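Chain A is already provided as a structure; the job is to place chains B and C on it using the hints.
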Amino acid sequence: MLEAFLFSTISMATPILLAALGELIVERSGVLNIGIEGAMLCGAFFALAAAYFGHSLLLGLLCGIAAGVAINALLAAMVVNLAVNQVVAGTALDILALGVSGVFYRRFFGVTGRAFTITPMPRIALGPLARLPIVGPALFDRDALVYLAFGLVPVVAWLVSRTRLGLRLRAVGERPEAADALGVNVFAWRWTALIVSGVLTGLAGAYLTLAYADTFIEGISAGRGFVALAVVILGRWNAWGLLAASILFGAAMALQFGLQALGTALPYQLFLALPYALTVMVLAGVGGHARPPSALGEPYSRA
Amino acid sequence: MSAAGATRRRASLAIVAALLKPIAALAAAFALVAIILLGLGASPILVLAALVEGAFGNWLACTETIVKATPLVFTGLAIAVAFEGALWNIGAEGQLIMGALVAGAIGPMLGGWAHPIAVTAILAGGFAGGAMWGALAGWLKSARNVNEVISTLMLNFVAQQILSWAVHGPLIEPARAYPKSAPIAAAAELQLYFPPSRLNLGMALAAVLAVASFALLYRTTIGLQLRALGRNPRASRFFGLRIGWLTVGAMALSGGLAGLGGGVQVAAITHRLYESLSPGWGFEAIAVALLARLNPLGVVPCAILFGALDNGSQAMQRAAGVSPVLVQVIQALVILILLAFDAGLFAARRRESGAASTLAGAGFEEARDA
Amino acid sequence: MLRARAISKRFGAIRALEAVDFEAAPGEIHALLGENGAGKTTLMRILAGGLRPDAGAVTLDAVALRPGSPQAALRASVAAVHQSPMLFERLTWEENLALGGGTRTATAAHERAARLGFELPAPRTLVEDCALAERVRLELMLALSFEPRVLILDEPTGVLAPSEVTAFLALLRALRGQDRIVILVTHKLAEALAVADRVTVLRRGRLMASVAASQTSEAELARLMIGELPPAAAAPSSAPAAGGPPLELVDLTLDDRGRRILDRVALAVAPGEVVGIAGVEGNGQAELVEILAGAHKFTSGQVRAAGLAVIPQDRDLDGLVLTLAVWENLMLSRPLMKRFSRAGWLRRTAAIRFAGELIERFSIRAPDAHLPAGALSGGNRQRLAVARALADAPRAIVAHNPCRGLDLAATAEVCRLLAGFAAGGGAVLLISSDLDELLALSTRMYVMSAGRLRALGASEREPARLGVLMAGKWT
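Protein chains in written order, with my numbering: chain A, 6 to 308; chain B, 955 to 1324; chain C, 60 to 534.
Keep in mind that the hints were calculated from the coordinates and are not lab data. What you are looking at is a predicted structure, and each value in this text was computed from that prediction instead of being measured. There could be a bad hint or two in this list.
Stated by the list, open to error - Computed far set for chain A versus chain C, every beta-carbon distance over 10 Å:
| # | residue |
| --- | --- |
| 1 | F10 |
| 2 | L172 |
| 3 | T220 |
Said to hold, decoys possible - Sample of chain A residues facing chain B (criterion: CB under 8 Å; computed from the structure):
| # | residue |
| --- | --- |
| 4 | V89 |
| 5 | V93 |
| 6 | L98 |
| 7 | L101 |
| 8 | P159 |
| 9 | A235 |
| 10 | A270 |
| 11 | Q274 |
| 12 | A282 |
| 13 | V285 |
| 14 | Y305 |
C-beta atoms are modelled at their ideal positions from N, C-alpha and C, and glycine is treated no differently.
Here chain A stands alone, though its shape is the one from the complex (with noise of 0.2 Å):
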């Protein structure tokens, strides 16, 4: 049963932790992405149809890849080229990833939902780790995705902090306009963070779709996205931080299968809220002493 649970939450706190390192990258340029969710939908919806017409995971992915950067790229251009307020912007790009999808869901397959399912993607075994009792297949006995995420979390904390690169990031997060006057483009690299943030944030809606329900149901993301959100704020824009925040939420989010097994008297609806509720509970004990970016949020036009 523990080991259900541990499957559980590293199901669910898979995909958050995609979405949330790309979002932490994003953030670390200064730019808050609100639209992350509706990346994450848009990467699961096409993922899945891709996947299903073309019959090749590798194309759903692909596409799942796609969409995602496509609704970033949207998001770069006004924000960064037109400057405009990135909350307005990113929420617009919320809905319009749920009346996208929508649309195109009820093309392709009718209000009937008949089940477009396929076969999710398959389970790489890593040897005799798999056998570990408890540990072994809720960690060790994952598809793709589920090692690439936790894989990436000391390459994207190397990045961030001890490359040139990362530097560079920091620097146009902190002050653009300095980062500006040393020759470092501060359009450049937030459009670039954008971008890689898309394939991070589609990979994450691709895993919804292709290896945890292996279907689509409209609104599928359910506020993952904007949980990610909260995991970087909560991870203090560290990726070790990201790690813990995101299994924090995944294990909240699996309680509610766990507490129906185990038939409490508890109203399932408490599990379902306690992520949101807890992000703004720890946010509130938080909120002093978060440093973001100094400059996140904030458009920047050259003078």
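Using the frame of chain A, we list chains B and C on its own:
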């Protein structure tokens, strides 16, 4: 030209200029949607015709358009008021739900009351529920530095779950057959006029509130303070404005307006609570408010426009086989196009308000010295 | 040879620079002198590529520099050290230097520092935890790491202790070699003469003179920078009113994050007095004004004021809401808001009419009171801010750099208004870094340095002495 004449001319030019952007944005949005439709193999003409027919084709359609527009006026006003104070309230959805919840909870208990009092009570409950939910986010921001974008987003989901729990649990109808609440007392129902139309006083109330909101924002000291805060929080410190109170108060009012929309829905249309309440009115309201340029008086016609789209979308599905959620695409495009048009205007507003509209400035720490 | 020809720059209606020519030759240290608001920083930013001039061009060795592009300037080997160090505060100093040219590794950084005679901060210290003097040195290292042909320094000694200044100036002399052009932007006469080969003086956006340092003197430069000294203002005509002075500060202290920003500031302003506080920006003036406006808490001491109106220094950021109408901006002042509202309802017509009267009375060039404040020129916005402060007959006014960025006519106007207010029995506290307006208006003066106040003796009201005191040398 006399000074007064010049002022009048300038004023009318200003009105024309003000209307130009929203109309152009709508036209551009429709054009883009037409392209999408062509890509899907549907005919834009057919779709547009179906939309218009569905929204205004006959008397019943027209009344239904008004009915569908009513919640949008309430939530649109909620957004307009909050955004004027640079409070990015993305939680109108949750505030509407909480308002409906309170209304649906006290509704069944109002049986013995006189009709006007019962209606006032149920609507007041709606306002209170939403106001509490909005004030919560406002307090979190002013006292605990929690960015309101994230808190209101999260509270949306929490509200949804509270509603779900309520209709499955404590508020479930006596028969316990279906997850819905007991019906509200007949005394608390908003009367429907000209059956089978569902026309009710909700829209009238909404219109009155639009005028009241306009008066609040532009004719009172509090409204002036809120608008100053939204445009230049740095200077607001120098004016001795009580920023904490303004924040909580504005969020409470915003939430209350949205909650009232939920209350009206329960009192007039649904008469009870179901698990699914809003098809996204809280988000659609953003498009409504932006199209209305955050002017409460403009929210009414813009809400009717989007209500027409919502109403006509069912017919659009039947006639052209296109999903009704297409209207969400239109909503999103309108917002994006307006943002793009405003790229100059919003830039001025943003430069003016410094870091206020951002996480760093307003959510997490004091504005850094420029 | 760095040449700037006919450079002009306006910010709105503020003429920051007017047809200024500037020339600097390789191997020389060129001092760019002028009071605050003379246009030195604007010119420097244009030379460094951070700002685009409205007219004129900059060439280096007869090759035009692309205006408004810091990258182009860097590529052309022009590097700058800014008045407020342009570093990344939340990154470590090593990371800041790593973004430079030749200081990418720690060893390279230490090597360079040794060559310059600098001591580097403790490893992995965030720039925001470094002292200002250290930040200046870090930015200098960063600039030098690009091996620039032109090195521009904006008020670098402002935050250095007197003992460090000599060493810094010696360093500048050493940097001058190898065909390099060093431009020192400053308002400190003595330092400029000590180290520069040529001196250019700007005053109110215009070029006053460009001479060899050996052929001029402090007195002459002061005269060029400041002009003729206006006669001191007359002493107050009325006796102090009963009930204590309208504005009194008693041992006002402000500590923030371990730094003492205001140190037992004490003064009293009597009716009819204009008390001036002179000082270089950044010595606690801004915080003092914020405290008086009620926008900032203080650690200890007392502020005794009744009927106080504050005119903050940055009218666009702190004083006005540019997208609100003129009359609405007027209503933002608490006494006016109270006067023109009833139970929260704005008495709109009365307010607009009053705005019209104020526009007349203060000669604000605004066609009508409905225009957004941002549509007014800089001078008129300041008139608006002053009008708002004076409108409800306060007992005392605090004005912070009220004439900054204004042309001569507007400056005279604002000075006249403040003097008139004092003559009518009001009390004025004038905090400014502009000696012109201070000397013209003040009946009594103080100098502020590092959060401390020092009264100015009657004999000390002359530029050279003031310069010394403002630099913090109070012995």
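Cross-check of the supplied hints:
no.	hint	result
1	F10	holds (39 Å)
2	L172	violated (6 Å)
3	T220	holds (45 Å)
4	V89	holds (4 Å)
5	V93	holds (6 Å)
6	L98	holds (7 Å)
7	L101	holds (3 Å)
8	P159	violated (27 Å)
9	A235	holds (6 Å)
10	A270	violated (11 Å)
11	Q274	holds (4 Å)
12	A282	holds (5 Å)
13	V285	holds (5 Å)
14	Y305	violated (10 Å)
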